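Asks: As you go down the protein sequences, you meet chains A and B in turn.
Residue numbering for the first sequence follows the working numbering, beginning at 1 and increasing consecutively.
Residue numbering for the second sequence follows the working numbering, beginning at 1001 and increasing consecutively.
It should be emphasised that the hints constitute simulated quantities derived from the structure, not laboratory data.
If you're wondering where the values come from, they're calculated on a predicted model, not measured in any experiment.
Think of the CB as a built atom: it goes at the ideal place given N, C-alpha and C, for glycine as much as any other residue.
Now the stretches of chain B that chain A is said to cover, found in silico as 3 or more residues with beta-carbon under 8 Å:
{"no.": "1", "region": "1084-1097"}
{"no.": "2", "region": "1158-1165"}
{"no.": "3", "region": "1168-1176"}
{"no.": "4", "region": "1182-1189"}
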Amino acid sequence: MSADGTGPERGPEGNTAREWERGPYVESTIIMTTVRVVSPFILTLGLFVMFHGADSAGGGFQGGAIAATVLLMLAFAFGIEPVRDWIDPGTVLILMAAGVANFVLIGLGAIALGGEFLQYDVYPIYHGTKYSIELIELGIGAVVAGVITGLFFLIAGGFEAAEPIEDTVEDES
Amino acid sequence: MSPIPIPIDGGAVLTPLQAGMTLTPLQAAILAFVLGCALVAAVLRDVLGVIIASAAYSLGIAVLWVILRAPDVALTEAAVGAGVTTLLFLLTIAKTVRPSDERRLELPSPRTAVVVLAFVAVLAATVPAMPAIGSPDAPVVDSRVTEYYLENAYEQTEVKNVVTAVLAAYRGFDTLGEAVVVFAAGVAVLLVLKREVFV
Chain A
1 MSADGTGPER GPEGNTAREW ERGPYVESTI IMTTVRVVSP FILTLGLFVM FHGADSAGGG
61 FQGGAIAATV LLMLAFAFGI EPVRDWIDPG TVLILMAAGV ANFVLIGLGA IALGGEFLQY
121 DVYPIYHGTK YSIELIELGI GAVVAGVITG LFFLIAGGFE AAEPIEDTVE DES
Chain B
1001 MSPIPIPIDG GAVLTPLQAG MTLTPLQAAI LAFVLGCALV AAVLRDVLGV IIASAAYSLG
1061 IAVLWVILRA PDVALTEAAV GAGVTTLLFL LTIAKTVRPS DERRLELPSP RTAVVVLAFV
1121 AVLAATVPAM PAIGSPDAPV VDSRVTEYYL ENAYEQTEVK NVVTAVLAAY RGFDTLGEAV
1181 VVFAAGVAVL LVLKREVFV
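Only chain B is shown next, with the shape it has when bound in the complex (with noise of 0.2 Å):
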C-alpha cells in the first residue's frame, strides 16, 4: 500500500501512481478511440449509427484487453460485445421503426447527464485506490491465492491455461452454474416467445 517507487525500464524511478499515468501512444490512442465511440453512441440520434458506434467501442475495449494481457477476455469481449450483440441490436431495429428525423444528435436530458456524470465521478474516485499496470507491489501479485494457482495449476490439473484451470477445475461448480444460466437463458427466449424449436 505504501508508495514504493518502481524503477521501470530507462532507470528512471516513478511512483505508482505516475507509473500508472504512463501510458503508451498505443494505449493513449486507443483510450481515446474507445471514449469517441462511448460518447458518439451516447448523443447520436439514428439509432443505427449507435449500434455501429457501440460495436467499434467493444472492438476498441477487446484491443485494450490484448494489450493489457487478458486474451481470454478479449476474445469473449470481441466474440459477444462486437459481434453477436451487434447482431441481435441491428435485427432488433430492423423489426422495429427508425424514427427519420432531421436532427442527427440528441444531448442526454440534464438529469440523465447528471446521474451519469455522478457514477463516473464515483468510479473515477476509486482509480487512485488501484495499483499502476504492471505494478510489481500490486497486491494480486503476491496474494497466496494468485501463488497458489500458478505454483499448482499444472501439477493439480494438467491444463497450462490457469485461467482455465480455474473456471473448469478449482471453480468447475460455479462454471457448471454459469453453463446452466446460458442454457436457461435461450429456454427462456424459447418460452418468452412461445416457440418449441429454435430455428
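Pulled out of the complex, with its shape left as it was, chain A reads as follows (with noise of 0.2 Å):
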C-alpha cells in the first residue's frame, strides 16, 4: 500500500496532503498476479477451518478471520475502491447479524424443546449437538468475517462519509 516509501516529501508541488486522501495505491502487477493465485486456496482454508472446526484445530473464529483476509488482500492488491464497489453492503450486514441471530435462536430453540439454554441434545435431529455446534461455528465465522471486512472499510474510508448523514440532520432542523 504505501510500501513505496514515498513519504510527504513526495509532492513538491503542495499536493501531498490530497495524495495521502486518495490513499497512497499503487498498482502492482506482482502483487495483483500473487493475490489473483493465492487467494482462492486462502478462501478455501478459511471454509475448510470453519467447517471442520468442530472436528480439527480452529473453528468460527478463526475461519471466519482467515475468510476476509482475502478480500483483505483483494483490496490491497486492485484498489479499495473497485473492491468496495464489488462487494454488496446488505451482504456484510446480513452476515454479521445473521451470524448472532443464528447462535441466540440455537439457544432458544433449545428452551422451545424443553431444554436449557444451549442445550443442544434436545434437538430431535441425527448427532443434534454436534451440527448444533457446527451451525453455531459457521455463524461465528460469519460474524467475524463481517466485523473484520467491515472494520477494514470502514477505516479506509475515514470521516468523509460521514457528511451526507450530517447534512440530512442539518436539513430537518
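Please dock the two separately framed chains into a single complex, following the hints provided.
Replies: Okay, structure coming up:
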C-alpha cells in the first residue's frame, strides 16, 4: 500500500495532502498476480477451518478471520475503491446479524424444545449436538468475517463519508 | 509442586527448571527472532518499519504456538495478529502523515524504559513458578477439570476437537458473549464514523 516508501516529501507542488487522502495505492503486477493465484486457496482454507472446527484445529473465529483476509488482500492488490464497489453492503450487514441471530436462536430453540439455554442435545435430529455446534461455528465465522471486512473498509473510508448523514440532520432542523 | 526429576529421551534426569530451559534449536531461533522483532519495533523511528516488525513478531509467535501444540491459538495469531492488524495499521498510516527524519532509530524515553523493564521484571519473576514445557507433573495435566473434558467431551458433545467442545458447548454462553462483543465492535465503529453500512 504505502510500501513504496514515499513520504510527504513526494509532492513538491504541495499536493501531498490530497494524495494521501486518496490513499497511496500503487498498481503492482506482482502483487495482483500473486493475490489472484493465492486468494482461492486462502478462501478455501478459511472455509475449511470454519466447517471443520469441530473435528480439527480452528473454528469459527479463525476461519472467519482467514476468509475475511481474502477481501482485504483483494483490496490491497486492486485498490480499495473497486473492491468496495464490488462488495454488496447489505451482504456484510446480513452476515453479521445472521451470525449472532443464529447463535441466539439455537440457544432459544433449545428452551422451546424443553431444555436449557444452548442445551444442544434436545434437538431431535441425527447427531443434534454435533450439528448445532457446527452451525454455531459457521455463524461465528460469519460475524467475524463481516466485522473484519467492515472494519477495514470503514477505516479506509474514514470520516469523509460521514458528511451525508450530517447534511440530512441539518436539513431536518 | 515438589521438583520431581523428569526422565527425558536420552535417559538423563533433569529437574523441571532445567527441563524448561532445554529449548530445541528451532525454538531458540524463533524466540530470538521474536525478541529481535519486538526490540526493532520498539526502537525504530519509521512507523512503516515498526508495522512490518510487529507483523513479523506475530508470525514468529504463531509458529511458536504451533510448536507448543496450540494450533487454534496459532491460527488466530497468524490471521488476526500478523494479517488483519497489520493491514489496519497500514491503512491508518496511509491516512496520516509519516514524519520524514534523518534519524532511523529513536530510543524510548528513560521513563518509558524504566516502566517497561519493571513490567518485564515482574513477569519474569513468575516464570520459575511455571511448569516446564511438556512436564508430566504440570498442574494442568492431572487437574480434574482437564481430565473431565478429555474423558467426556466426545461422548457429550460429539465433536473431536476438545477446544471447540469447551468453547461452543461447555462454555457456550461465554462464546455467545464473545460473538456479541465482536458484533458490538462493528456497530460501535459504524456509530463513531456516522455511517449506515460497512462498505
